[in-house]
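Turn these sequences into a full structure, and let the hints guide you.
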Amino acid sequence: MAEPLLQVSDLRTYFTTEEGVVRAVDGISFDMAPGERRGVVGESGCGKSVTAMSVMGLIEPPAGQIVTGELLYKGRDLLKLAEDEMQQIRGGQIAMIFQDPMTALNPVYTIGDQLSETIILHQKVSRREAKEIAAQALEDVQIPNPMRRLEDYPHQFSGGMRQRVMIAMGLSCNPDLLIADEPTTALDVTTQAQIMNLMLQLADDRDTAVMLITHDLGVVAGFCDTVQVMYAGTIVESGTAHEIFDDPQHPYTWGLLGSMTRLDDAKQHRLHSIAGAPPSLINLPGGCRFRPRCEFATELCRNVLPALRVGDAGHVVACHRADEFDLKTLAADGTSLEEVAS
Amino acid sequence: MTDTIGRDEPGAVAAGDQFTEAANLPDDIILRVNHLVKEFPITQGIFFRKQIGAVKAVSDVSFEIKKGETLGLVGESGCGKSTTARSILRLLEPTSGEVFYRGKLEGSEETEIVDIASADRSTLRRLRSELQIVFQDPYASLNPRMTVASTIAEPMTVHGTESKQEKLDRVKELLRVVGLSPEHANRYPHEFSGGQRQRIGVARALALHPSLMVLDEPVSALDVSIQAQVLNLLEDLQDEFELTYLFIAHDLSVVRHISDRVAVMYLGKIAEMTDRETLYERPMHPYTHALLSAVPIPDPTIEAQRERIILEGDIPSPANPPPGCRFNTRCPKAQEGVCDVDVPELRELEPDHWVSCHFPEVIHVV
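As they're listed, the protein sequences go chains A and L. Numbers given in the numbering used here equal positions in the first sequence, counted from 1, plus 1262. Numbers given in the numbering used here equal positions in the second sequence, counted from 1, plus 177.
Any given hint might turn out to be false.
As the list claims (entries may be wrong) - Think about it this way: if two alpha-carbon atoms lie no more than 20 Å apart in a straight line, the pair counts; the simulated SDA-like pairs of lysine to any residue are:
| # | chain 1 | residue 1 | chain 2 | residue 2 |
| --- | --- | --- | --- | --- |
| 1 | A | Lys1336 | A | Glu1322 |
| 2 | A | Lys1336 | A | Gln1350 |
| 3 | L | Lys244 | L | Asp529 |
| 4 | L | Lys349 | L | Ala294 |
| 5 | A | Lys1529 | L | Glu246 |
| 6 | A | Lys1529 | L | Ile479 |
| 7 | A | Lys1529 | L | Asp452 |
| 8 | A | Lys1529 | L | His541 |
| 9 | A | Lys1529 | L | Pro387 |
| 10 | A | Lys1529 | L | Asp428 |
| 11 | A | Lys1386 | A | Asp1346 |
| 12 | A | Lys1342 | A | Arg1274 |
| 13 | L | Lys281 | L | Glu270 |
| 14 | L | Lys349 | L | Glu417 |
| 15 | A | Lys1342 | A | Gln1327 |
| 16 | A | Lys1529 | L | Thr455 |
| 17 | L | Lys510 | L | Asp491 |
| 18 | A | Lys1386 | A | Gln1404 |
| 19 | A | Lys1529 | L | Arg453 |
| 20 | L | Lys243 | L | Thr288 |
| 21 | A | Lys1336 | A | Ala1465 |
| 22 | A | Lys1529 | L | Lys281 |
| 23 | A | Lys1529 | L | Thr288 |
| 24 | A | Lys1529 | L | Gln415 |
| 25 | L | Lys281 | L | Lys349 |
| 26 | L | Lys243 | L | Asp416 |
| 27 | L | Lys244 | L | Phe418 |
| 28 | A | Lys1529 | L | Glu458 |
| 29 | L | Lys349 | L | Pro387 |
| 30 | A | Lys1336 | A | Gly1326 |
| 31 | L | Lys281 | L | Asn201 |
| 32 | A | Lys1529 | L | Glu412 |
| 33 | L | Lys227 | L | His541 |
| 34 | A | Lys1336 | A | Pro1323 |
| 35 | L | Lys510 | L | Glu522 |
| 36 | A | Lys1529 | L | Glu522 |
| 37 | L | Lys244 | L | His386 |
| 38 | A | Lys1529 | L | Asn497 |
| 39 | L | Lys243 | L | Ile290 |
Hint data in this document are derived by calculation from the structure and do not stem from the laboratory. Quick caveat: nothing in here was measured; it's all calculated off a predicted structure.
Right, here's the structure in full:
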């Protein structure tokens, strides 16, 4: 196996607030290979965006702090780099696309100025050459008349077009890793299809690794090779997309998939909802964090936080009872979780 | 005038045309929307506000809702689905058109048919208790300075005759109905999560025993697991209280789950309207095809095999909609001289399958 591009081990990112310490990311470890497309999924507050911000070095002290952990990018620990060294990597080798393209672009500068800024910062080129690279970048994301559009301001672009500009900006320096944080959440579904199609094509052509952060399991199914499911600051399950979708091992993953309405589901059967709501990250329950909402929970789950266990071929799950039930056959049988649990 | 182009063309059979008289409303129909138009003026100047144009948010929309069913109104942002709903409830004044509603007559089994669009204030006020709405944003639609009890009791304070104790009892009952605990009555909205707030919004809408509920993107702001809880709740309530839903959403998989019939809107017009199964299994409008093919399915095996119809460009501005078919600028099947000239009427091509397209064709997308 090739050397990992990114190795995250035991990352803990905490925020100090008036109410207490928010343990947004609490001990996660994962690797990304070059060219890998990894989906980071979970509901609001599960720590998926904070994971991305930590990798990008965008956690601002004193409120936010990376308490422990190692972030090895091509063997170098990003956490030990000086700010100017980190600046070389950020935007150049690791780029990020944000959810809301309107707030991520500066309204008083032209698109050309903003694209050139990144290019000049990371590549030794003149202003004119930067403009040509910028025009090429806009052409790559299929924006018509790129030379002319460079003179336009963000408000002259539609939502989908702005997100294309963000992608152009992210890819303008040929990064090895692109972090996309909910890139299509603010967009309509037909525009989402355009953007995901474009990202897939570009990432494939350039062999760029992509960390796709999203709450939409449908988008993940079409885009990602590997998936990690997060809950309350921890990874509860990770594996290939096929393993996660076809053979979910963690009750949370299973519940999440059962909660989804599906376009290809002709039967209006009742949705399997997960009772309750995610816990407060200030006041986490003891033992397994999913325990208060889990139908399988036992005394062991109450007391001991389950560690990630490696199953077949890198499919890992953090559940004490993962071996006892075969959730896939349960789903096929139509047996409800309540029946199994009792 | 552009909004009515083609309405009077000979030979065109538009939805709703055959029923212009209120008296013709069949017994099982609770709401009939007839040629509804809503335009927002664009003005210029400070002293002499001259109208220089109009945003044609809803252009000649007609449909019916049967009693007890759920009609899903689906489309992308700016297609006019929310404006349609708000014009029906007269939260916005419709520019033209009729909205016939079959209301309960107090103290009898009889019903009355009222045109909401032209009803006077006192009639409207009477109808308000039967027509309720749940809004999208559970953070913005509850007053942060009112307790849950006073929020839910407010419709009763305005319309009802209940005593203080009766109101409190009803609030507690409603809280139980929507899956909250009666002890929550004296808390404030900030103490609740998004899903719980949406339940409070539903309880408020139920307070006056409504017949028709407009659900305007009720689950869009919620996380998946919470979304499922609220969808299940809405289904239970519909069975329990015999409610009729107008369910507005942009998420086609949610709409498939909850609706009996579905209308797809694009740029202020209905593109296609039929029952749920037909719409998803045998859609005929090219926009419906593109929309359905764009929705991701949470299954990597299926996703790898799917072929997407990727639309070119963006949705045009409703202030300046394209001539002819509104979808012609992005339609893969558009033909010059036809689609950019003639407005396609919404026609019934099969029993209860309405399509507005010059070149309709069944394609299996899902």
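Pair hint Lys1336/A and Gln1350/A, alpha-carbon separation not exceeding 20 Å = Roughly 14 Å between the alpha carbons, so the hint for Lys1336/A and Gln1350/A holds.
key: Hinted pair Lys281/L and Glu270/L, Cα distance within 20 Å   = Measuring from Cα to Cα gives roughly 23 Å; hence the hint is violated.
ask   = Within 20 Å, alpha carbon to alpha carbon, are Lys1529/A and Lys281/L?
value = Status violated; Cα separation ~33 Å.
task = Would you mind confirming whether the straight-line C-alpha gap from Lys1529/A to Asp452/L stays at or under 20 Å?
result = Measuring from Cα to Cα gives roughly 14 Å; hence the hint holds.
Holds or violated: Lys1529/A to Gln415/L, with C-alpha atoms at most 20 Å apart = With a Cα-Cα distance of about 18 Å, the restraint between Lys1529/A and Gln415/L holds, given a limit of 20 Å.
query = Are the Cα positions of Lys1342/A and Gln1327/A separated by 20 Å at most?
reply = holds, 14 Å
inquiry  = Just to be careful, I want the Cα atoms of Lys281/L and Asn201/L compared with a cutoff of 20 Å; is the pair within it?
reply    = holds, 17 Å
message = Can you confirm whether the C-alpha distance between Lys349/L and Glu417/L stays at or below 20 Å?
response = OK: Lys349/L and Glu417/L at ~17 Å, within 20 Å.
task = Could you grab the alpha-carbon distance between Lys227/L and His541/L and see if it respects the 20 Å cut-off?
result = violated, 49 Å
key: Restraint check for Lys1529/A with Asn497/L, where alpha carbons must lie at most 20 Å apart   = Since the Cα atoms of Lys1529/A and Asn497/L sit roughly 40 Å apart, the hinted pair is violated (cutoff 20 Å).
ask   = Is the straight-line distance between the alpha-carbon of Lys243/L and that of Ile290/L 20 Å or less?
value = holds, 14 Å
request  = Could you grab the alpha-carbon distance between Lys1529/A and Glu246/L and see if it respects the 20 Å cut-off?
outcome  = The given pair, whose Cα atoms are some 17 Å apart, holds under the 20 Å limit.
When held up to the earlier numbered hints, the structure conflicts with 1, 4, 9, 13, 18, 22, 23, 25, 30, 33, 34, 36, 38 and fits the remainder.
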